[in-house]
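Undergrad: What follows is the residue order along each chain.
There are 2 protein chains.
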Amino acid sequence: MTIKKEQILETALHLFAKEGYSATSTSKIAKAAGVSEGLIFRHFGNKKNLLKELMIQTQETINHLFLPIFEETDPKEVLIKTITLPLRIDKEYYDYWRLQYKLRWEPEYTNNNKFVPILNKFEETFTALNYKEPKQEAILLNQIVNSIAIDILLDRFNEDYIPFLKKKYKL
Amino acid sequence: MTIKKEQILETALHLFAKEGYSATSTSKIAKAAGVSEGLIFRHFGNKKNLLKELMIQTQETINHLFLPIFEETDPKEVLIKTITLPLRIDKEYYDYWRLQYKLRWEPEYTNNNKFVPILNKFEETFTALNYKEPKQEAILLNQIVNSIAIDILLDRFNEDYIPFLKKKYKL
DNA sequence: GTCTATAGGCCGATAGAC
DNA sequence: GTCTATCGGCCTATAGAC
Chain E
1 MTIKKEQILE
11 TALHLFAKEG
21 YSATSTSKIA
31 KAAGVSEGLI
41 FRHFGNKKNL
51 LKELMIQTQE
61 TINHLFLPIF
71 EETDPKEVLI
81 KTITLPLRID
91 KEYYDYWRLQ
101 YKLRWEPEYT
111 NNNKFVPILN
121 KFEETFTALN
131 YKEPKQEAIL
141 LNQIVNSIAI
151 DILLDRFNED
161 YIPFLKKKYK
171 L
Chain X
1 MTIKKEQILE
11 TALHLFAKEG
21 YSATSTSKIA
31 KAAGVSEGLI
41 FRHFGNKKNL
51 LKELMIQTQE
61 TINHLFLPIF
71 EETDPKEVLI
81 KTITLPLRID
91 KEYYDYWRLQ
101 YKLRWEPEYT
111 NNNKFVPILN
121 KFEETFTALN
131 YKEPKQEAIL
141 LNQIVNSIAI
151 DILLDRFNED
161 YIPFLKKKYK
171 L
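Chains as they are written, first to last, in my numbering: chain E, 1 to 171; chain X, 1 to 171.
Please note that a few of the clues may not be correct.
All copies of an identical chain are treated as equivalent in the list; a pair is satisfied when it fits inside any one copy or across any two copies.
[Stated by the list, open to error] Distance condition first, Cα-Cα at most 16 Å in a straight line; then the derived EDC-like pairs of lysine to aspartate or glutamate:
{"no.": "1", "residue 1": "Lys135", "residue 2": "Glu106"}
{"no.": "2", "residue 1": "Lys167", "residue 2": "Glu133"}
{"no.": "3", "residue 1": "Lys52", "residue 2": "Glu106"}
{"no.": "4", "residue 1": "Lys4", "residue 2": "Asp151"}
{"no.": "5", "residue 1": "Lys135", "residue 2": "Asp160"}
{"no.": "6", "residue 1": "Lys132", "residue 2": "Asp160"}
{"no.": "7", "residue 1": "Lys168", "residue 2": "Glu137"}
{"no.": "8", "residue 1": "Lys166", "residue 2": "Glu137"}
{"no.": "9", "residue 1": "Lys52", "residue 2": "Asp160"}
{"no.": "10", "residue 1": "Lys18", "residue 2": "Glu108"}
{"no.": "11", "residue 1": "Lys76", "residue 2": "Glu92"}
{"no.": "12", "residue 1": "Lys135", "residue 2": "Glu159"}
{"no.": "13", "residue 1": "Lys166", "residue 2": "Glu133"}
{"no.": "14", "residue 1": "Lys135", "residue 2": "Asp155"}
{"no.": "15", "residue 1": "Lys18", "residue 2": "Asp74"}
{"no.": "16", "residue 1": "Lys121", "residue 2": "Glu137"}
{"no.": "17", "residue 1": "Lys91", "residue 2": "Asp151"}
Derived from the structure by calculation, the hints contain no laboratory data.
Produce the complete structure using the sequences and hints provided.
TA: See below:
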C-alpha cells in the first residue's frame, strides 16, 4: 500500500462519512488528499470501487473494536464492556462508524447478517446470567449499543445514561 | 396545491427516501412523476427548496402519528401505544420515516431538539409509574422506539420483540 | 394561469488517453 | 501526472398547447 493510496482512502473515508457518497466528487477527494484526480482511477478503477475498499477496511476496524467483547468469558464483564463500548472508541474511528450508519440506508447495501455473531455472544451471556428470554435481551442490548453510538456521533449523548444502564443490568 | 405539484412532492419524497437527496436528479423526479423538468423549478425554484417543503410535510406527518400518545393520560396506555407505534404505522408513511432517519446524517440537518416534547411526555409517564430514574427511562424508551422503527424500515424486525417489551414494562 | 416541449448554458463529475 | 472528452445535473428561457 503506497502512501498516496492510503491518503486517498483516508480522505475519501472522511468525506464520504461527512457529506455522503453521492455528494462527494472524486475531484474533491483528490484536492483534499493532495493528489491528482487520475490517481484515484489508477488505484481504484472507479469511484464505486473506492467505496468498496473503504467498506472492507471499515468492517475490519469495527470487528477489531468488538474483539475484546468476544474474548471476554465473564458474562458480567461482557455486559460492562458492551455498554461502555461506544465510549471507549477513539475519535479517530468515528468516521468508520458514521459511514457504516449512513450506508445502512443505501438501497444496495444489505448485509443484515453482520451483527449476528455479536447477537449470539449476547444471547450466550444472558443465558449464563439466567435471563428468561436471552434472545430478546440480546436484541435489546444491541439496540441500546447502537443507539448510544448514534447519539455520540450526532453529538447529543448524555454521560449519565451509562450508570443508569449499569444499574439496570445489576453491574 | 395543484395535482402536478403534489405528484412532484410525492415522487420526490419516494426517490429521496430511497436513493438519497444527492443521488436523485431533478430529471429523474420529473420522469418518474410524469411532468416536465421545468415544472419542478417553476413550483419550487430549486432542488433544495423542494426538499425543504418535503421536510415540512414530513414533520407534520410524524407529529400527527405521535398525537395519540400525547393525548393519552393513562401512563400504562402511553407505554403500550409507544411500544406498538412503529407497528401501527401504515406503509404509505414509511418514506417519511426513512427520509427522516436518512437526513439525520446530513451535516446541514441539525434539529436535535425535535424529540424533546416526546421525551418530556415519557418522563412524566415514568414518574407517574414511580420509576426511580424517569429521565433516563425516557431516553431508553425513545431509543427502543427508534430502533424498532429502523429495524422495520430495514426489514429485519421480529414480531416476538413486542410481547417481550410488554413484559419488561409490566404491561 | 398551468403545463409541456425543447433548446441550451453552465458547471462539475467520471473516466480514458496520453 | 496532465489533458481532454463525454456525459449528466441544475437551471433558464421561450414558444405554444390545454
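Undergrad: Next step is simple, just say for each hint if it's right about the structure.
TA: Tested hints:
1. Lys135 <-> Glu106: For Lys135 and Glu106, neither the intra-copy (28 Å) nor the inter-copy (34 Å) Cα distance is at most 16 Å.
2. Lys167 <-> Glu133: Answer is between: at 11 Å across copies they meet the 16 Å cutoff, but 19 Å inside does not.
3. Lys52 <-> Glu106: The answer is within: 13 Å in one copy meets 16 Å, while 21 Å across copies does not.
4. Lys4 <-> Asp151: Classified as neither: same-chain Cα gap 33 Å, cross-chain 39 Å, threshold 16 Å.
5. Lys135 <-> Asp160: Between. Shortest inter-copy distance 10 Å satisfies the 16 Å Cα cut-off; intra-copy 27 Å does not.
6. Lys132 <-> Asp160: Cα proximity of Lys132 and Asp160: across copies only (14 Å, versus 28 Å in one copy).
7. Lys168 <-> Glu137: both (12 Å within a copy, 10 Å between copies)
8. Lys166 <-> Glu137: both (15 Å within a copy, 13 Å between copies)
9. Lys52 <-> Asp160: neither (38 Å within a copy, 35 Å between copies)
10. Lys18 <-> Glu108: between (19 Å within a copy, 10 Å between copies)
11. Lys76 <-> Glu92: neither (28 Å within a copy, 43 Å between copies)
12. Lys135 <-> Glu159: Classified as between; 13 Å across copies, 27 Å inside a copy.
13. Lys166 <-> Glu133: For Lys166 and Glu133, only the inter-copy Cα distance (13 Å) is at most 16 Å; the intra-copy one is 19 Å.
14. Lys135 <-> Asp155: neither (30 Å within a copy, 18 Å between copies)
15. Lys18 <-> Asp74: Classified as neither; 38 Å inside a copy, 43 Å across copies.
16. Lys121 <-> Glu137: Cα proximity of Lys121 and Glu137: one copy only (11 Å, versus 25 Å across).
17. Lys91 <-> Asp151: So Lys91 and Asp151 pass the 16 Å test inside one copy only (14 Å; across, 27 Å).
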